[in-house]
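Going line by line, the protein sequences match chains A and B.
Numbering-wise (the numbering used here), the first sequence opens with residue 1 and increments by one.
Numbering-wise (the numbering used here), the second sequence opens with residue 1001 and increments by one.
To be clear, the hints were calculated from the coordinates, so they are not data collected in a lab.
This structure is a prediction, so every number in the text was calculated from the model and none was measured.
Glycine residues also receive a C-beta, built at the ideal position from the N, C-alpha and C atoms.
Be careful, since some hints might not be right.
What the hints assert, rightly or not - Just so you have them, the derived chain B footprint on chain A, three or more residues with Cβ under 8 Å: (1) 173-185; (2) 277-288; (3) 332-345.
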Amino acid sequence: MPVSVYIPTPFRRLTGNRQHVEADGKNVGEVLAHLESQFPGFRQLVFGNGEEIPAHINIYVNKQEISALDGIATAVKDGDEVAVIPALAGGAGMPEPAPLQPVGALTPEQVNRYSRHIIMPQVGPAGQRKIMESSVLIIGAGGLGSPIAVYLALAGIGRIGIVDFDTVDISNLQRQILHQNEDVGKPKALSAKETIHAYNPDVEVVTYEMPITSENSMEIIRPWDYVINGADNFAARYLVNDTCYFLKKPLIDGSILLFDGQVTVYLPDQGCYRCLYPAPPPPGMVPSCAEAGVLGALCGTVGTIQATEVLKLILGVGDSLHGRLLLYDALAMEVRQVRIRKDPNCVLCGEHPTVTELIDYDAWCGGAFGHTNEEEQKAADAARAARERAVSAMNA
Amino acid sequence: MAVEVKVTSVLQKITGAKVVHGEGSTVSELLNDLDARYPGFRSQIMQDGNLHRFVNIYLNDEDIRYLEQLNTPVKDGDSVSILPALAGG
């Protein structure tokens, strides 16, 4: 029986997305060497170009950090658990954007670039400056995050934040317009930043290449004016909702599946996601896009509505989707609305709240971020099977 | 008494259609009727006699939670929408 090794999310692209792998060795150093031989490139991720474990990587043997033991000479025996944990949250690597400076007179190039905004009475030079003085955080650089980021970049938003720890996969390219063919394998946040700058170099982009968790969400969200949700699982949605409630941030929420989309706006103290959906479904009951699929173009429609809503809030024009849930049915090409109310019994924002701080969303939603490892594996298998079917159909 | 019921893509797997029609004088009766026509329908949206909390039902665009919940009366020509939460992004 070898040693079990926990692989952190940013390294899983080397291990076929597996969260736990096995390795042999009598000490941590030998285990790392065996991991390198099984997954070439692993050593580079841990050590960088140096010979020593860098400060931002912690390695635990049975929950004790090796620097308190014998470093990489720490002995391990069969059945031990070794965990490799990069220090991502709250320490080295956490961006701390300073407040945006007010924008003075627009340059001639900006007047030209944004002329189609500026000539509209609802925008004008003052409105364009408001857009350029705003900061928007986008959770997820995926199906929804992509059109949101692109349209906000084109509009000239002053600062865009992107939270995504994943790397670009070829299956993303069916719908995620931030990423292109040559970006496969690249961290999504980095690919997003490059695309945004290719459209508009004036936009400041802040990337968070880390999962958003209860430990870091307050710190991540605090410096931003608006938050837009492009997350792909329930745990992250509830986490972002709760954090935005505590920090009094407007949240523009959107979700998609198959041919359906839902969009709304939550304003501070005027209702929240939990008013609409007080509890998440049990794991496996509502399929993910990986399991059930989504029409690529649907992401563009729903994400662009989210971008439109945040621009309206910034400009202070029109009727916000606040208090309404927009339902988009692409198959029938029908758009409807239902009313959302602030629920006086809401456990977060109601009259007698019982949720007064962030919780363990993994546990509440039943498994790591709504997916157990087994389900992640099932989803990956389903995606692969679907690909294989498509290929067979093509070759038939 | 035919009530129009709209369902999202996930539930369409059971009903075979986006819009179906059912009978009943309350939402609860309507759901029972739909379950008889489309076996398995009720178990997708209810458990132990209660609606799953991630499923909302709207009568003419008003959440029945703020009306009379499952006892909300429905009549001929009403439109009921059943909306489970979606998470995709």
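Structure-based check of each hint:
1. By the rule of at least three residues with a Cβ nearer than 8 Å to a Cβ of chain B, the coverage given for the stretch 173-185 of chain A is violated, with 0 such residues.
2. Counting residues of the stretch 277-288 of chain A whose beta-carbon sits less than 8 Å from any beta-carbon of chain B gives 9, enough to reach three: the coverage restraint holds.
3. With 8 residues bearing a CB less than 8 Å from a CB of chain B, the stretch 332-345 of chain A meets the requirement of three and the coverage assertion stands.
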